[in-house]
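*Asks:* These are the residues of each chain, in order.
There are 2 protein chains.
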Amino acid sequence: MIQLVILGSGNMANAILTSCLKIDVEIFGIYSKNKKHSSALAAKFNIPYFNKIDQIPTNADLYFLCINDDAITEVANNLPVMGGLVVHCSGLKPISVLAKQQNQAVFWPIESIDKTSFTNFKNTPICIEANSEENYRIIEAFADRLSKNIQKINSLERQYLHLAATMTNNFSNHLIALAKNELDLHQLDYTILKHLLTKAINDSFNFEPSQIQTGPAIRNDLSTIQKHLSLIKNNNTKNLYEIMSKSILEFKQNYHA
Amino acid sequence: MIQLVILGSGNMANAILTSCLKIDVEIFGIYSKNKKHSSALAAKFNIPYFNKIDQIPTNADLYFLCINDDAITEVANNLPVMGGLVVHCSGLKPISVLAKQQNQAVFWPIESIDKTSFTNFKNTPICIEANSEENYRIIEAFADRLSKNIQKINSLERQYLHLAATMTNNFSNHLIALAKNELDLHQLDYTILKHLLTKAINDSFNFEPSQIQTGPAIRNDLSTIQKHLSLIKNNNTKNLYEIMSKSILEFKQNYHA
Numbered sequence: 012m013i014q015l016v017i018l019g020s021g022n023m024a025n026a027i028l029t030s031c032l033k034i035d036v037e038i039f040g041i042y043s044k045n046k047k048h049s050s051a052l053a054a055k056f057n058i059p060y061f062n063k064i065d066q067i068p069t070n071a072d073l074y075f076l077c078i079n080d081d082a083i084t085e086v087a088n089n090l091p092v093m094g095g096l097v098v099h100c101s102g103l104k105p106i107s108v109l110a111k112q113q114n115q116a117v118f119w120p121i122e123s124i125d126k127t128s129f130t131n132f133k134n135t136p137i138c139i140e141a142n143s144e145e146n147y148r149i150i151e152a153f154a155d156r157l158s159k160n161i162q163k164i165n166s167l168e169r170q171y172l173h174l175a176a177t178m179t180n181n182f183s184n185h186l187i188a189l190a191k192n193e194l195d196l197h198q199l200d201y202t203i204l205k206h207l208l209t210k211a212i213n214d215s216f217n218f219e220p221s222q223i224q225t226g227p228a229i230r231n232d233l234s235t236i237q238k239h240l241s242l243i244k245n246n247n248t249k250n251l252y253e254i255m256s257k258s259i260l261e262f263k264q265n266y267h268a
Numbered sequence: 012m013i014q015l016v017i018l019g020s021g022n023m024a025n026a027i028l029t030s031c032l033k034i035d036v037e038i039f040g041i042y043s044k045n046k047k048h049s050s051a052l053a054a055k056f057n058i059p060y061f062n063k064i065d066q067i068p069t070n071a072d073l074y075f076l077c078i079n080d081d082a083i084t085e086v087a088n089n090l091p092v093m094g095g096l097v098v099h100c101s102g103l104k105p106i107s108v109l110a111k112q113q114n115q116a117v118f119w120p121i122e123s124i125d126k127t128s129f130t131n132f133k134n135t136p137i138c139i140e141a142n143s144e145e146n147y148r149i150i151e152a153f154a155d156r157l158s159k160n161i162q163k164i165n166s167l168e169r170q171y172l173h174l175a176a177t178m179t180n181n182f183s184n185h186l187i188a189l190a191k192n193e194l195d196l197h198q199l200d201y202t203i204l205k206h207l208l209t210k211a212i213n214d215s216f217n218f219e220p221s222q223i224q225t226g227p228a229i230r231n232d233l234s235t236i237q238k239h240l241s242l243i244k245n246n247n248t249k250n251l252y253e254i255m256s257k258s259i260l261e262f263k264q265n266y267h268a
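Protein chains in written order, with this note's numbering: chain A, 12 to 268; chain B, 12 to 268.
To be clear, the hints were calculated from the coordinates, so they are not data collected in a lab.
One thing to keep in mind: the hints can contain errors.
Pairs count within a copy or across copies, as identical chains cannot be separated in the list.
[To be verified] For lysine-lysine, the following DSS-like pairs were computed, each having C-alpha atoms within a straight-line distance of at most 25 Å:
id, residue 1, residue 2
1, Lys47, Lys257
2, Lys33, Lys210
3, Lys47, Lys133
4, Lys163, Lys111
5, Lys111, Lys238
6, Lys163, Lys63
7, Lys47, Lys126
8, Lys205, Lys44
9, Lys33, Lys238
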């Protein structure tokens with residue numbers, strides 16, 4: 012049976028531990044400097060926790076570094092060189108931050124992971140990479156048990172996917188927050204937009220997004236744009252509306268004329 | 012049986028005619044100055060077309076003005092005062108642009124309507140308004156046959172919904188177009204993001220969007236932001252990334268501190 016150690020006690024640690032409940036693996040325990048978080052997670056999953064790096068078992072097959080980007084290199088360097096595969100879960104950091112370790116891999120689920128709502132990785136694209144074919148087979152075999160959608164993605168490619176995920180996921184949510192804020196001022200329920208948005212996202216992936224762009228900006232419909240700007244209360248939102256509109260027109264002119 | 016005239020020959024005219032195929036109504040015909048479009052639509056639905064305003068039957072129950080915002084007032088003024096209900100389909104124009112007519116209504120589906128892919132309004136929120144209770148009952152009875160989701164929305168409210176629909180639908184599609192453009196430069200398939208985006212949109216409507224904001228901007232994670240900016244090829248996209256990131260942080264500080 013495959014044996015795991017989890018390093019870190021945040022959302023990713025929780026997600027991997029939750030996913031492992033459904034597959035046949037042995038969790039040796041969880042390491043974190045944050046005693047409160049790691050003991051809570053250890054209690055939740057009924058596994059040991061370690062607060063000192065020299066308490067970490069050295070005979071596990073997989074070491075999952077579920078920690079902030081900034082701390083990965085430090086933790087990978089503080090670990091003794093393990094026989095097992097040392098894996099980080101960052102979208103942006105290259106595999107080379109694990110350089111001290113002999114066996115290196117990356118496991119990056121393209122998913123916004125929340126501690127309370129996470130259920131599983133079944134439909135999540137998981138981007139994997141390793142520093143040897145043998146190590147690739149090990150991380151692939153593990154990822155395969157969690158998700159139907161495994162993608163072989165190298166460090167260079169992964170950072171562009173991380174950028175694109177941020178631009179679409181985080182920024183779209185912000186647009187909805189800003190739109191909701193404007194509607195709240197007039198006691199209007201923003202959920203009326205859900206039908207439109209759900210269809211828009213589907214369409215953006217079923218057609219070429221630049222070709223199905225609609226709205227006043229792409230038509231250069233200045234009277235609608237001016238009317239909209241006059242309605243917006245929040246100056247920050249007003250500014251953003253103008254810049255997005257200019258960007259839509261500019262993109263059309265320069266990329267799909 | 013209820014009797015309709017359609018004015019206009021664009022996407023909205025096509026959508027209403029398509030929807031009417033499934034319900035028991037009589038289409039008197041279609042009016043448009045654009046002979047090519049109106050004759051094509053008339054042939055498609057096997058109905059008469061009129062190119063002159065004095066050819067329009069005066070005894071219909073409903074006159075649907077499926078025309079550009081800028082032309083609604085002109086067409087409503089050029090029409091003789093009809094006994095039937097004159098309806099416009101604009102999200103942004105107030106009902107008062109129909110002032111010359113005795114019986115006025117608005118029928119605005121919150122949907123991005125495309126001539127080739129339109130199927131029906133069954134799940135589309137349709138915002139309706141009329142200038143009297145009697146006229147409201149007429150447009151409501153009609154809308155009720157096309158959609159399960161009828162919303163009583165006045166002209167003032169409707170314009171804010173139109174603004175919010177533009178900000179979310181059109182701008183999200185643009186973000187996806189920009190992200191896809193960056194991925195294209197590295198031969199990466201953007202559809203890998205679909206799972207993430209679909210979940211993000213659902214979450215934005217299941218939770219308070221500002222409370223579930225994730226990503227480097229909300230954490231003020233400057234090293235990730237700088238790294239992302241260094242990866243973006245398109246200067247326009249780079250500029251937009253910076254402004255969106257500032258806006259996310261600003262919104263957090265001022266609205267949900």
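*Asks:* Go through the copies and call it for lysine 33 and lysine 210: within, between, both or neither, with a Cα cutoff of 25 Å.
*Replies:* between (33 Å within a copy, 22 Å between copies)
*Asks:* Up to 25 Å between alpha-carbons, please classify lysine 111 paired with lysine 238: within, between, both or neither.
*Replies:* between (59 Å within a copy, 23 Å between copies)
*Asks:* Go through the copies and call it for lysine 47 and lysine 126: within, between, both or neither, with a Cα cutoff of 25 Å.
*Replies:* within (15 Å within a copy, 58 Å between copies)
*Asks:* With identical chains treated as interchangeable, where does the CA-CA distance between lysine 47 and lysine 257 reach 25 Å or less: within a copy, between copies, both, or neither?
*Replies:* neither (49 Å within a copy, 33 Å between copies)
*Asks:* Classify it for me, lysine 163 with lysine 63: is the Cα-Cα distance of at most 25 Å met within a copy, between copies, both or neither?
*Replies:* This pair counts as neither: shortest intra-copy Cα distance 34 Å, inter-copy 63 Å.
*Asks:* As a check of your reading, is lysine 47 near lysine 133 (CA-CA no more than 25 Å) within one copy, between copies, both or neither?
*Replies:* neither (30 Å within a copy, 51 Å between copies)
*Asks:* Cα distance capped at 25 Å. Does lysine 163 pair with lysine 111 within a copy, between copies, both, or neither?
*Replies:* For lysine 163 and lysine 111, only the intra-copy Cα distance (23 Å) is at most 25 Å; the inter-copy one is 65 Å.
*Asks:* Checking an output row: lysine 33 and lysine 238, CA cutoff 25 Å. Within, between, both or neither?
*Replies:* Result: close neither inside a copy nor across copies, 54 Å intra and 36 Å inter.
*Asks:* Cα distance capped at 25 Å. Does lysine 205 pair with lysine 44 within a copy, between copies, both, or neither?
*Replies:* Neither: 42 Å inside a copy, 36 Å across copies.
Of the numbered hints given earlier, the model fails hints 1, 3, 6, 8 and 9; all others are met.
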